[in-house]
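Mapping to the numbering used here: the sequence shown position 143 is 614, numbers consecutive.
It should be emphasised that the hints constitute simulated quantities derived from the structure, not laboratory data.
Take the hints with a grain of salt, since some may be wrong.
The calculated label-pair distances, taken between Cβ atoms and stated as ranges, are [stated by the list, open to error]:
(1) GLY562 with ASN507: 19 to 25 Å
(2) SER494 with SER591: 24 to 30 Å
(3) VAL641 with SER580: 20 to 26 Å
Capping the alpha-carbon separation at 30 Å, the derived lysine-lysine pairs in DSSO-like fashion look like this [stated by the list, open to error]:
(4) LYS644 with LYS669
(5) LYS510 with LYS665
(6) LYS665 with LYS644
(7) LYS510 with LYS644
(8) LYS669 with LYS510
Remember, it's a predicted structure, so these values are computed and weren't measured experimentally.
C-beta atoms are modelled at their ideal positions from N, C-alpha and C, and glycine is treated no differently.
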Amino acid sequence: MQVLSVAALLLYLKGCLGASDLSQEQINTILQAHNNYRKAVNPTATNMEYMEWDDSLATIAQDWADGCDFAHNSNRGDNYAGSVGENIYAGTGSYTAGSETENWHSEVSDYTYSSNSCRSGAVCGHYTQVVWATSKKLGCGVKLCSTLGTVNWSNANLVVCNYAPSGNFVGQKPYITGTPCTQCANGIVSCSDKLCGKDSVIKI
472 MQVLSVAALL LYLKGCLGAS DLSQEQINTI LQAHNNYRKA VNPTATNMEY MEWDDSLATI
532 AQDWADGCDF AHNSNRGDNY AGSVGENIYA GTGSYTAGSE TENWHSEVSD YTYSSNSCRS
592 GAVCGHYTQV VWATSKKLGC GVKLCSTLGT VNWSNANLVV CNYAPSGNFV GQKPYITGTP
652 CTQCANGIVS CSDKLCGKDS VIKI
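Please model the complete structure; the sequences and the hints are all you need to start from.
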């Protein structure tokens, strides 16, 4: 009975503290990094959506990061209404929010939009998920792991970010190229900084 009470208290405290171990400042930094890269795609995108934070995705990401295994969570969409994409990142030393997003975006140098292809031997899927136009929800978690499974690193930070709806569909490009905000999905009428759904400016 006492164990159950302690477990219930821990769950309650986690709910009060938030879905992720990230601070609000770190969340803002990661989210801003994603949106900055999304609005700056080259060639420009007609349908790039403004990305927002999702606590449900953050909970899934944090729970997986807490396991300290450098591998993808194949069950990440089980408790979420919709498809869920995922990027993971690990690094030693102190963690700087946004460094994971910068790392994923760096794959752009190996990606060719016109052919929707990646340089032979390189990886581009992290980049394409970051700039996948219809992935408009983001939730991340971070954990300092004394031992990081799969790669066996010591004292490494594991960052997990989940995206909804998921991107990286085979044969599809991450976005439609053309004049920004001219093909926003689902009747979205607001646009700012080349991002559909950002409410500060109404598109005429």
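To see whether the hints hold, each was checked on the structure:
Hint check: GLY562 to ASN507, Cβ distance near 20 Å, so the stated range 19 to 25 Å holds. Our hint of 24 to 30 Å for SER494 and SER591 is violated, since their Cβ atoms are close to 40 Å apart. Distance hint for VAL641 and SER580: a CB-CB separation of about 22 Å, consistent with the stated range 20 to 26 Å. Between LYS644 and LYS669 the CA atoms are separated by roughly 22 Å; this keeps the pair inside 30 Å, and the hint holds.
Our distance criterion of 30 Å between C-alpha atoms is met by LYS510 and LYS665, whose separation comes to about 5 Å. Between LYS665 and LYS644 the CA atoms are separated by roughly 18 Å; this keeps the pair inside 30 Å, and the hint holds. At most 30 Å may separate the alpha-carbon atoms for a hinted pair to count; LYS510 and LYS644 meet this at roughly 16 Å. For the hint linking LYS669 to LYS510, the alpha-carbon distance of about 11 Å falls within 30 Å, and the restraint holds.
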